Amino acid sequence: MKSLVRALLISLVLLVVSIGLSLAVGSVKIPLATTLQGLFNPGQTQVDPIVLSIVWDLRLPRTILLLLVGAALAGSGCAYQGLFRNPLADPYLIGAASGAGLGAVLAITVRWPASTLGYLTIPAAGFLGAILTVAAVFSIARVGKSSPITTLILAGVAVSSFATALTSLLLINASGELRRALVWLVGGSTMSGWQPVWGALPYILIGLGSLLTMGHALNVLQFGDDQARQLGLRVNIVRLWIIVAATLTTAAAVAFTGIIGFVGLIIPHVMRTLAGGDYRRLLPLSIMGGAIFLLLADILARTLLAPQELPVGILTALAGAPFFLFILRKSKQPFW
Amino acid sequence: MLSIQHLSIVFGSTRILQSITFQARPGKILGIIGPNGAGKTTLLRAISGLIPIDKGELSYANHSLLKMPAEARARLIASVPQATALPPAFSVRDVVMLGRTPYMNWMGQPSMRDNEIVNTAMRQTHTEKLADRRLDELSAGEQQRILLARALAQSTPVLLMDEPTSHLDLRYQIELLDLTRNLVQQEKKTALLVLHDLNLASRYADGILLLNMGKLAAFGLPQDVLRAEILSEVYQIPIQINHHHKKPHIFPK
Amino acid sequence: MKNIFLPLLLAILVLLVGCQTPSAPAIIPAAQMSITLTDDLGRIISLDQSARRIVSLSPPLTEILFALGASSQVVGRDTFSDYPQEVTSLPDVGGSFGKYSEETILSLQPDLILAGEINTPELVTSLENLGLTVYYLKNPINLEGMFFALQTVGVLSGKETAADQLVGSLQARAESLQSKLANISTRPTVFYELDASDPAKPYTPGKSTFYTSLIHLAGGENFGASLDADWAQISLEQLLMADPQFILLGDSVWGVTPQSVAERAGWQSLTAIREERVLPFDDNLLVRFGPRWLDGLEALARILHPEAFQ
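Chains as they are written, first to last, in the numbering used here: chain A, 1 to 336; chain B, 337 to 589; chain C, 590 to 899.
Everything labelled a hint here was simulated from the structure, so no lab data went into it.
A few of these clues could be false.
Just a few of them, taken from the derived set where beta-carbon distance is under 10 Å, the chain A residues facing chain B [as the list claims (entries may be wrong)]: (1) 213; (2) 225; (3) 227.
Output of the computed footprint for chain A on chain B, the stretches with three or more beta carbons under 8 Å from beta carbons of chain A [said to hold, decoys possible]: (4) 381 to 394; (5) 412 to 419; (6) 433 to 439; (7) 442 to 456.
Between beta-carbon pairs, the in silico distance windows are [stated by the list, open to error]: (8) B/449 - A/9: 22 to 32 Å; (9) A/321 - B/355: 54 to 64 Å; (10) A/10 - B/371: 57 to 67 Å; (11) A/328 - B/398: 25 to 35 Å; (12) B/395 - A/321: 50 to 60 Å; (13) A/142 - C/790: 40 to 50 Å; (14) B/505 - A/87: 48 to 58 Å; (15) B/337 - A/213: 30 to 40 Å; (16) B/514 - A/87: 37 to 47 Å.
What you are looking at is a predicted structure, and each value in this text was computed from that prediction instead of being measured.
Note that beta-carbon positions come from the ideal geometry of N, C-alpha and C, so glycine has one too.
I would like the entire structure built from these sequences, with the hints used as guidance.
Now the structure itself:
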């Protein structure tokens, strides 16, 4: 485990650097010294209240939200890949994303004219949509007391397509709300401030915490359900626990930042090439790696074309794909 | 002693196993043979708790296995599956350590005792030198021995093996079965081996269970079960038997 | 004495405004200098005085601010605001992909942010949470609504007089147009094309859009006036059945020409194509509400009833 501690320390340093960058950088140029003053010594009368507001009301909550979401997506992606023993598994495979999208778009199109009081309505609807969709997939795939993996994946694909089709239908008929729905779907923080952070934090912490206890179980599961049972693992309970934790985490993330792809797929893979296939190492490293990656992607999203802001989801895809290919070519061994 | 009484297994409307009764003793290998579809694999899966049984009783040392929780059962029965479709990225030592799962906590942190047992298992199977290698770097024979080491690390009185040699070439078949026999005798394990090759069964088994179409066709010593008239009937092909070092050699006529 | 004079003057002005627009129940003029209005999200907005540092997040609202002569009070605008030309030299606060730079908005220290239907309620909430004042206006769908928007922006920016004058002159133009069209004998049907990327299923404005009311005022009838959706998609068959007298290409701003329309499969049998009544139309005159609606209205009327302008 020594190598794990060392790897975690390195990732912690990278994370702190990323957090620092995220706080220092934005459409408005604030000298680093001023930012640091604003953070650690806000009582100082020298600090411009505008700077204080930018740092405390905009940059800090956004940084925290994005690192939570990055950690959530990568952590649950790692868990899903282990659970399904499939390199294409990601948090969206069994319907979390399409369900969240359907819930959110439903809330948007049905609630027009929307009042600004119900700011939590759309995230709550997205969250509910994700949970219900995954529950539906799970019950469809149920065979007796267990849900075989291939059936889960197939049911997930089918239900996701259905949810996406319904969402498209709603979008077609939602001329007034189209823009609002698309803004949500394209990903990135739709709400600034601390409210999304308080909304997402409990679920992501609980979900990731639960997943971190499942490292050994995921290792055992790599040998198949039969061998896992024969080694004494209660496969059905473990599977349920992992799916609930991962889905809760993903749903909270998607509810507040829309659908950001690639993080859950790529980061666990990258970690696998660097750290091997032991889930007791992969899970914590993926969580750290996801947080760092999404923070860096968001920094780029905010600054490349300032004051325009690119949707983070587009950046993660653009950055993630070639990065992944690079890793693939560098690694000499098949890492699955 | 492992005791199976009137075991029946139904799948949908098909009766896979019908009223199977036999015992297996420690320090002895029970070879399970029979034509394809006879129910050999199903029998082993039922004993290791993977499928529910319809009727009958399974017990070890007079403790019923039927309602036993997975972890307790895993301390009693270890299975050695065929070495196919294994995850490539695990190290050999990590794989063998997984055999200690029924004894470790949720974190999978091995204690000193776990480490000792894993070392012993690897020594017994001559796999210490492979400890840091990845699974996908090994030959089929080596992988099969690793799985045997894992089962040994599980420290169980009962050992189940389902056709462990079918994809190995002759040298590794003999190597594995020699090893298995020695360990079974040394550790006084109760071993059930499903074997496809009748001659290997003849060579290594202390007792033979012959299944045919879900029913028990014969149960007893090799010389009593491996007889031309019994085998020809079950395998539906004329069989002749020669004897070599007092062990029957089976050929089609 | 000075202390009573100014508030009194303001009260009189505000009352005058109130009298001139009987169809404006939402403006609650106060007798003091401060302004209290209810915006189109139902929120009550109060300003101590008319706004001096306005950030506009909606192109038509930017246009209106400049039309009222409040350009020196505008400190920032969204990326899509581009009319009149001077607007582009103002600081850009974002807006593509629906994302605005709240940092930039904050740093401009606005005392009022004008938001329109292009902005989401989430954005409004976010800006409010930063302690900023946001006034939301829904897009008007007829001339009266547009005049009301003009006057609302006028009150907020302290340009009520300019707003009243502008509304007056626009009303005069509208009335002059109505009198020119008083004796028309027919109301030609107009198919206003918003998009025909798929020529078998073009998009046209529906019944509750400003297109319908403006085309009607111009002496025509919007083909889409029977359709419920605002951005309605129809099939070519429906178009052939209706056989409108005029086809106006709102999508000519994206490069669609009458020739390209004539070449579309299945469109040849339309009367408007055979009689060459397929015309490009500058959608910019209509798609952003504001004073240019009158330009658009007059342009429409000239196309539909050239005889009324002899």
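Looking back at the hints listed earlier, which ones does the structure fail to meet? The structure breaks hints 11, 14; every other hint is satisfied.
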